[in-house]
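There are 2 protein chains.
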Amino acid sequence: MSKKLNTETISGFPEWLPEEQIVFNEMLDTIRRVYELYGFEPLETPVIERANVLLAKTGGETEKEIFRFEKSGYDMATRFDLTVPLARYVSEHYDDLTFPFRRYQIGKVYRGEKPQRGRFREFYQCDIDIIDENGLAIENDAEIPCVIYDIFNQLDFGKFIIRISNRKLVSGLMSSVGDEQATTEAMRALDKIEKIGKDGVRERLEELDLSQGMVQKLLDFVSIDGKPQEVIAKLKELEVKDSEFQEGVSELGQIVKWLQVRDIPKEAYKIDLSIVRGLDYYTGTVYETNLVEYPDIGSICSGGRYDNLASQYIDRNLPGVGISIGLTRLFSLLKDEGIIEVGASTLTKALVLPVDPDNREVALKISDSIQDQGIPVEVYNKDEDLRSALEYGNKKGIPYVIFVGDDEIESGEFTVKDMKTGDQTSIPRDNLPTYIKEKVDE
Amino acid sequence: MSKKLNTETISGFPEWLPEEQIVFNEMLDTIRRVYELYGFEPLETPVIERANVLLAKTGGETEKEIFRFEKSGYDMATRFDLTVPLARYVSEHYDDLTFPFRRYQIGKVYRGEKPQRGRFREFYQCDIDIIDENGLAIENDAEIPCVIYDIFNQLDFGKFIIRISNRKLVSGLMSSVGDEQATTEAMRALDKIEKIGKDGVRERLEELDLSQGMVQKLLDFVSIDGKPQEVIAKLKELEVKDSEFQEGVSELGQIVKWLQVRDIPKEAYKIDLSIVRGLDYYTGTVYETNLVEYPDIGSICSGGRYDNLASQYIDRNLPGVGISIGLTRLFSLLKDEGIIEVGASTLTKALVLPVDPDNREVALKISDSIQDQGIPVEVYNKDEDLRSALEYGNKKGIPYVIFVGDDEIESGEFTVKDMKTGDQTSIPRDNLPTYIKEKVDE
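Sequences listed follow chains A and B, in order.
Every letter in the first sequence is one number past the one before it in the working numbering, and letter 26, counting from 1, is 26.
Every letter in the second sequence is one number past the one before it in the working numbering, and letter 2, counting from 1, is 2.
Incorrect hints may have been included.
Stated by the list, open to error - In silico negatives: residues of chain A with every beta carbon more than 10 Å from chain B:
1. GLN181
2. LYS217
3. ILE232
4. GLY253
5. ALA268
6. PRO399
What the hints assert, rightly or not - A few chain A residues that face chain B, going by a derived Cβ cut-off under 10 Å, partial list only:
7. PHE67
8. MET76
9. LEU136
In case anyone wonders, no lab produced these hints; they're calculated from the structure.
Since the model is a prediction, treat every value here as computed from it, not as a measurement.
For glycine and all other residues, C-beta sits at the position ideal for the given N, C-alpha and C.
Bound conformation, chain A alone (with noise of 0.2 Å):
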């Protein structure tokens, strides 16, 4: 075979095999019907926006991993996450919406960065986000991690565990430590303690302008581990006067409340006061979302609270909490780690296989009759002999053939083979479709 052109995409910009565009949809379908259920409201905004306005927060930093061009007149760019064009549709249409408005959005947004495994140019992120007016409810935090917890527990993929921290109790930590020096290099110390351990902490901490006091505090903060009630007990004796940090420490207490009137397994959560992250942006609640099993792919799903969602767009105040799923970057480690296990499949149940040109019409009938019961079916429109359309059948994953041929045309009776067993059974005409629909139901 010959190529004229070179048909690759361009590197990071991922496209799948029809059986792996199966799997994908199927995570990406699971995810949407649990952003609904909790009563999210789809939403899409344009792929493309004005450069200026996706810019206007971040500015300087994110251009450099945009795509941006110049067409017709606009300065444009393709959106870099979902949030800011949020942040922007909501300033556009505040006038339209209701509050606390609740939406979710699944599509493609766009990096200029060099791709690497599990990190493309081109990726869908599945978001969900709650807006208010002037004040969020805390309870609002303590949805996102069951919404969370249902997608994981119904995708599958083995033991996850959701951390929850708040923003707040560093904060209010380090504004008792001194300068603002002091405190940027205390929090990069704490950020380190998975890489670098406590005793790693503890000499950044030490070599800062700090009080032996506040070094130990610190370090006991960063340090408190345990069972959700535990770890508040503890930050409670803390004793740490900031009002700040007590406010922190009210709303994981709220939020772990919940999360037990609505039974999420003990297991599926903890309060980990080791997640730093999010400096700049989040400024409450924090979450990330790992596999237990492989600690190598980092979390799966992140977010928290912010205090003003829109600020540089309109004179409004506008605080939110949402979660982002990088589901590309999820399905191809997955993938590469073998725990998404691609085979030959397809959505189609049923290959209907009229045996002679002239059963065709018969073949149709069967399968028209099996797409009524909402089973996606395929009628074999080639003139081959049956071993070429078992292949074609086998080698799409197709899971039943029916024959039609003269002598069941007579009789009334269809042969269903199974194409995995290898069985055949006899079915009679009107009981062809529940029977497939009952196999594919089990």
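Use these hints to put chain B onto chain A, whose structure you have.
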């Protein structure tokens, strides 16, 4: 309210309000479901591709209309349709695909044109294609109108008509016209039949260097009308000796036969010889679909048969047949015409309302039990008076509100308010999920 930036999307890049997005998604889901029922597999290709690959076939003319830019050493462009990416995909993954390859793709495409009513710069196309190697049975062409019928029957926008023709008729007829120049001019004249009428076409044909008999034959051809079987009989009566013409008649005849076998209602399709579209691209069957009551909207689903999908990429003969629905255009025009009416609406079917913060625990339990029935539900998270909560539910269009107060909890009977009628019904706790489900299913 003061805006700090222009937050409108770029002209031609539409976005919808949540209640509009819901209707849009319902249309998209219907199209997807029918595509899947006919055995088409899902596929997705990148929105952005190498510019030289996208432009390999169409070259210069398309170039002006695409969004093209350079980044990371790549000359990139946004795709302008889903057919060119399909051709590239089939070439790239040729060894991994099973032929006949049946795929659907639903995604955004881009045109750099000046936007106007029903014409966008970013819009959805919903495509199916069946590709085979070397030959593709006419039975595939006969499936396409069934797919179109099921989609627009389910979408329920009133009467529609699928117009079917075959390029081989015109092409075969023309082969006896004479020189190439005259052929092109004659085809242009025929293409104007709907605009300038039969007399107008006659005038134009008479200006060309054609025999009087040829002019009459072309006029007879384009004037043929009637039921499908009548049209086919009249085509045979024309006694055109050309073998390509004869092939076209035969193919149309077979398509009509299979549509009759599958009980596609006679009023839903016709053979319409005035379609002379797709001069460059299509080589056999062509389809257009119109809403009978809204002729101004033009064709809402078009497509046809092509000889060789991917000749610009690969040395393989890959004939195909397919259609495309321009969903954004369709949705937007139907909305403008008032055929789609969008009121306050939401996917969320029930708002569970804690009358007092203390009732929230029970409210969550009720919400979870309704959600378990697969019904989107929301617990009102704000600590506000009942009036504000009801206003929220009403503004969003949530159909049922469940009050959870001390009295309800004590008695075990909960008040469900039908927000449309204002009726209030008292329902025992355990019956709430099934009660709401029954109401929703009504």
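PHE67 (chain A) as chain B interface residue, shortest Cβ-Cβ below 10 Å:
holds (5 Å)
Holds or violated: is the Cβ of ILE232 (chain A) farther than 10 Å from all Cβ atoms of chain B?
holds (19 Å)
Just want to verify: GLN181 (chain A) was marked as not at the interface with chain B; is every Cβ pair farther apart than 10 Å?
Label holds. Min Cβ-Cβ 31 Å, cutoff 10 Å.
Tell me if MET76 (chain A) is really an interface residue toward chain B, meaning its C-beta lies closer than 10 Å to one of theirs.
With a closest approach of 7 Å, the MET76 (chain A) hint holds.
Distal placement of LYS217 (chain A) relative to chain B, Cβ over 10 Å
The claim stands: LYS217 (chain A) keeps its Cβ more than 10 Å from every Cβ of chain B (closest is about 34 Å).
Say whether it holds or is violated: ALA268 (chain A) keeps its Cβ farther than 10 Å from all Cβ of chain B.
holds (15 Å)
For GLY253 (chain A), which was marked as not at the interface, is the minimum beta-carbon distance to chain B over 10 Å?
For GLY253 (chain A), whose nearest Cβ neighbour in chain B is about 15 Å away, the distance exceeds 10 Å, so it holds.
Does the claim that PRO399 (chain A) lies off the interface hold, with its Cβ farther than 10 Å from every Cβ of chain B?
The claim holds: PRO399 (chain A) sits with its nearest Cβ about 13 Å from chain B, beyond 10 Å.
The hint names LEU136 (chain A) as touching chain B; please verify it with the least Cβ-Cβ distance against 10 Å.
holds (8 Å)
Every hint, counting from the list given before, is met by this structure.
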